[in-house]
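A.B. asks: Heads up: the sequence lines are chains F and D, in that order. First residue of the first sequence? That's 1 in the working numbering, and the numbers climb one at a time after it. First residue of the second sequence? That's 1001 in the working numbering, and the numbers climb one at a time after it.
One thing to keep in mind: the hints can contain errors.
[Stated by the list, open to error] Now the stretches of chain F that chain D is said to cover, found in silico as 3 or more residues with beta-carbon under 8 Å:
{"no.": "1", "region": "224 to 237"}
{"no.": "2", "region": "331 to 340"}
{"no.": "3", "region": "388 to 397"}
[Said to hold, decoys possible] Here are a few chain F residues that sit away from chain D, every Cβ distance over 10 Å (derived from the structure):
{"no.": "4", "residue": "Gly-10"}
{"no.": "5", "residue": "Asp-12"}
{"no.": "6", "residue": "Ala-18"}
{"no.": "7", "residue": "Lys-25"}
{"no.": "8", "residue": "Val-28"}
{"no.": "9", "residue": "Glu-80"}
{"no.": "10", "residue": "Ala-144"}
{"no.": "11", "residue": "Ser-157"}
{"no.": "12", "residue": "Phe-166"}
{"no.": "13", "residue": "Gln-176"}
{"no.": "14", "residue": "Asp-289"}
{"no.": "15", "residue": "Val-294"}
{"no.": "16", "residue": "Glu-324"}
{"no.": "17", "residue": "Leu-432"}
{"no.": "18", "residue": "Ala-452"}
{"no.": "19", "residue": "Met-458"}
Keep in mind that the hints were calculated from the coordinates and are not lab data. We put the beta carbon where it would ideally sit given N, CA and C, even for glycine.
Letter by letter, the chains look like this.
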Amino acid sequence: MIKHIQLNKGLDIPVKGAAELRIEKNIVSEVVSVKPVNFKNLTPKLLVREGDAVKAGSILFIDKYRPEIGFASPVSGTVEQVVRGEKRKLLEIRVKADQTTDYIKFNTPDVVKASAEEIKKVLLESGLWAAMKQRPYGIVANPADEPRAIFVSAFDSAPLAPDYNFTLKDEAANIQVAVDVLNKLTKGGVYVGVNAKTSATSPFNHLKNVKLYGFSGAHPAGNVGVQINNIAPINKGEIVWTIDPMFMAAIGKLFTKGIYDVTRTIAVAGNRVEKPCYVTCVPGTQIKDLDFLVSKKEVEIFDQECGCRYISGNVLTGSNVGAEGSLDFYSNMVSVISEGNYYEMFGWVKPMRFGKFSFSKSYFSWLTPKKQYKVDTNLNGGERAFVVSDVYGKVLPMDIYPVYLLKAILADDIDKMEQLGIYEVIEEDLALCEYVCPSKINIQDIVSKGIATMIKEMA
Amino acid sequence: MKSLLNFVEKIKPTFSKGGKLSFLHSTFDAFETFLFVPNTVTKSGAHIRDCVDLKRVMTIVIIALMPALAFGIWNVGEQHSIAFGLDMSFIEKVWFGFLKVLPLIIVSYVVGLGIEFISAQLRGHEVNEGYLVSGMIIPLIMPVDVPLWILALAVAFAVIIGKEVFGGTGMNIWNPALIARAFVFFAYPSQISGDTIWVEGLNAAKANAMQVVDGFSGATPLGQAANGAIDFTTTTGEPLTLMQAFIGTMPGSIGETSTIAILLGAVILIWTGVASWKIMVSCVAGALGVGFLINGFAAPETFAAVPAYWHLVLGGFAFGAVFMATDPVTSAQTETGKWIYGFLVGALAVIIRLFNPGYPEGMMLAILLMNTFAPLIDYYVVEGNIKKRIKRSTIK
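All chains should be built: construct the whole structure from the sequences, respecting the hints.
C.D. replies: Given below as C-alpha cells:
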C-alpha cells in the first residue's frame, strides 16, 4: 500500500538540455580519480603508493578516525599519481586503468541468514560502505550506530537530473537484494519515496519489505531530506541513514556476484551539451572523456564570449570540477552550462529579459510556463543582507524557518541551531532557497558552516 | 553598448584596490552595477541563480508608487487652484504640481543617497538599493509645503539614525521613511501641523495676507475630526463623499490621498509577490474589526461613530498598509506573524485616531510601534516551531 504525500512548495527550474532517454556509450577512462574531498568531513589516511597495483575494490585510503571505513578503487590498474594540495592535503588518487577490470572477489554471506555484523563487514571491506550516508550532517555513516530507519529517494527532482526509472530499469533484482541487506541494518525499516506521477514504471514500485511513499510536487520533492522531514522528521539524538538508488544496485551486485561494481548510468545534460544523453561509467571518470558530447560551437552572450562550466552533479548542488576534473563519487550526472561572465547593460531594469527565468513575477517568465531556458552561471546581482526573506519558505517544503536557522548558524548559536532544525537539513535541501534569493546569499555555504560547527561541538 | 563597456573597463583599475581613486570604490561599483549587471559568476553553492536581485525588487516598488505619485502631483495643482480660485487646465495643474514635488524628490534622493554612498564607502561595502524606495516614499508622505531644509534634515536623520547605525539595509528595526516622517512631526511641530500646510501656497498666503477663496479651509478630514467635526467637508465646505475620499481629491500628504491610486500599486506589489498580501489584508481587517467594534459603543455624533470603512480611505491608512507596513525588513517575517502584525497595525491605527486627540493620524505611529514589536511576534511564532521540535524529541 503506497502512502501519498503532496508537497506544495518548491520549484522546477525549466532548464534547457535534458538528457534524451538513450544510452550513448559506455565510457572507459584511461585514468580514474578517487577523491577524498567528495566525502564531507573526512580526514583520509592513504594506504597506497604511486606504482602500486590495485583491483576494483582495493581500498585506497581510509578514514583516519574511523579506520574501519575504507574507500575503494572502482577499477583495476596501477596508482599513477597521488595529487596533494596546500598543506599536503590529499586531493585525488589517480589510478591508471587496465583494459578490462579485474574485480576482487569478496566472500558474501547469504543475505537471508546473515547477521547485521556480517553484512557490515562485507560493506566495509569492499569500500561500498561509503555509499551509506547518515543524517544529521550528510556524512558517511558510522558502522557502530544502529539507525532509526533507512531512507531512499527513488527519484531525483533536481534540474536535468537523470531518470532513475530509466537508468535502473534492469536493476530491480539487485535493488531488492539491497533492500534485504538494508533491512538487516535497522529495526526501523527501509522507507522508499517514489515519484507519485511515474511510480508505475519505477523499479522500486514492486519491492518487498519496504515502506513505500509516493511524493508529488516540484523539486526538492525528490530530496531524501525533504522526504524524511515529511514522513518522520529527525529528532535530536536520532540517526537515520540514507542511500542513493544507484548504490543499491551496487549493493545488489556485491551480494550476488561478490564484486565492488559501482558502474552507473549518468546523464550528461545542459545547454552546452550537443545531444544530451546518458552514458555508463564509473565514478572518477574524467570529464575529458565526456567532452565529445559537448558542443564545440563558441557561445556569445551579449557579444561576449562565454566558456563552459563543467559540473559533476546538478546545477544546484554539484561541484565545479572543470574540464580537467572527474565525476564525483556521489554524482549521478554531469551538467555543462555556460559561464555567465558577461555584462548585461541595464539588465536589472529591462522590463523583459526573454532569455532569463525567474521564480519571482517581477519578470515575465510566468507568461511562458512551457519554455525552457538556457541557464548560465551569472550571479545576476550583488550580495546583500537578508531583505526579502519570505521567498525561501516558498521553495522549502519542510517544517523549518530557514532564515532563523541561517541566522543562528551565522551567529554560531549552537542551541538555537539545534532547536531550529539543523539536524534535519543538509546543503542540498536549501539549494533552491539559494537559487531564488534576491540578496544572492550563499546559503549552502552557511549550512555547511553550521554542520561543521555541530560536528565539532557534538564530538 | 560595447564602447561604454570598454570605457568602464578602462577606468576600472583607477577605482580598484591600489588605484588612485580606490577610496571611491563603492561609488564606482554602484554606477557600474547600475549600468551593467556585472559579470560576476557563482563561486560556490548553486551554480545558477534566479535573475531577480534587490535592484529589481526595489524597481518594482517604485513602479508601484507611480500611480500615487502621479495622482499626488495632479492633486497639488488641483488643491492650489481651488484654494486660490484659479482656472487651471489639467496640464497646468500637473505642471504646477510637478514643479512643487520635484524639488522634494531631488532633495530626498540627493541627501539620502549621498549618505548611503558615504557609509558604503566607509564600510567598504557595495551601495545598497534600499534607499531607492525610501527616497521615493519620503516625499510622498510629506505635506507639499514642507520646507526643503526640514526635509533634508529628516532624510539625514532617517538614513543615519534609522538605518545606518543598525548596519544598513536589511538590518534596521524601523521603516526609514516613517522615521523621517516622525522626525519632522516631533521636531518641527509648528511647521508641520495645522490646516495650512497641506495645500501649496496657503502658508505663504497667510503670511502675506493674500486672498484665498472665501470659505476655503485646508483642513484634512482627519484634521476636521480632531477638531470635533464629524461631517467631513471638502476644502470648499461641501460635504465630502466616500467616493471623493476614495479617489483622493482632498488635501493631505502628497501621495496618501488617493486610495484608488494606492490600490493600483497594491495590485502590482501583490502580483509580483514583492509585498505580502497577508499584511495588507490583515491590516484592513484589523482596522475594520476594531473600527466597527468601537462604532458599536460610540456615542452618536462623535468621530468614533463614523462608520469604520471611512478609516480606510482617510489619511495615510491605505498608503501605510500597502507600502510601509509591508516593508519586508521591518515587518514580521514569519507567515503567521504577518497576520498578527498586520491586524495589529490596522487596529492600532484606528485606536490612535479615535482616542488620541493630540494627533489625528494614527497610521505612522501604529506602524512604528508594530515595527518595534514585529521581532517579538516572530519570536513567539518561531518558538512554537521550536516547542514542536522539542516535544517530538525523546532526548531533551
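A.B. asks: Hint by hint, say whether it matches the structure.
C.D. replies: Against the structure, the hints:
Coverage of the region 224 to 237 of chain F by chain D holds in this model, with 4 residues showing a Cβ closer than 8 Å to a Cβ of that chain against a need of three. Counting residues of the region 331 to 340 of chain F whose beta carbon lies closer than 8 Å to any beta carbon of chain D gives 4, which meets the minimum of three for the stated coverage. A stretch counts as covered by a chain when three or more of its residues have a beta carbon under 8 Å from one of that chain; for the region 388 to 397 of chain F and chain D the count is 5, and the coverage holds. The Cβ of Gly-10 of chain F lies farther than 10 Å from every Cβ of chain D, with a closest approach of about 14 Å, so its non-interface assignment holds.
For Asp-12 of chain F, the requirement that its beta carbon stay farther than 10 Å from each beta carbon of chain D is met, with the minimum near 13 Å. Every CB of chain D lies more than 10 Å from the CB of Ala-18 of chain F, the least distance being 15 Å, so the non-interface label holds. For Lys-25 of chain F, the requirement that its beta carbon stay farther than 10 Å from each beta carbon of chain D is met, with the minimum near 25 Å. Every Cβ of chain D is farther than 10 Å from the Cβ of Val-28 of chain F; the closest lies at roughly 28 Å, confirming the non-interface assignment.
Distance to chain D confirms Glu-80 of chain F as a non-interface residue, since its nearest Cβ pair spans about 30 Å, more than 10 Å. With a least CB separation of 18 Å from chain D, Ala-144 of chain F remains clear of the 10 Å interface cut-off, as annotated. Distance check on Ser-157 of chain F: its Cβ is at least 15 Å (rounded) from any Cβ of chain D, clearing the 10 Å threshold; non-interface status holds. Taking the minimum C-beta to C-beta distance to chain D, about 24 Å, the non-interface status of Phe-166 of chain F holds against the 10 Å cut.
Its beta-carbon lying about 32 Å from the closest one in chain D, Gln-176 of chain F satisfies the requirement of being farther than 10 Å from that chain. Non-interface call for Asp-289 of chain F relative to chain D: holds, since the shortest CB-CB distance, roughly 22 Å, exceeds 10 Å. With a cut of 10 Å on Cβ distances, Val-294 of chain F stays outside the contact zone with chain D, its closest approach being about 16 Å. Listed as a non-interface residue, Glu-324 of chain F keeps its Cβ farther than 10 Å from every Cβ of chain D; the least gap is roughly 18 Å.
The beta carbon of Leu-432 of chain F sits about 8 Å from the closest Cβ of chain D, which is not more than 10 Å, so the claim that it is off the interface is violated. With a least beta-carbon separation of about 14 Å from chain D, Ala-452 of chain F lies farther than 10 Å from that chain, consistent with its non-interface assignment. A cut-off of 10 Å between C-beta atoms confirms that Met-458 of chain F is not in contact with chain D; the least separation is 12 Å.
Consistency with the previously given hints fails for number 17 only.
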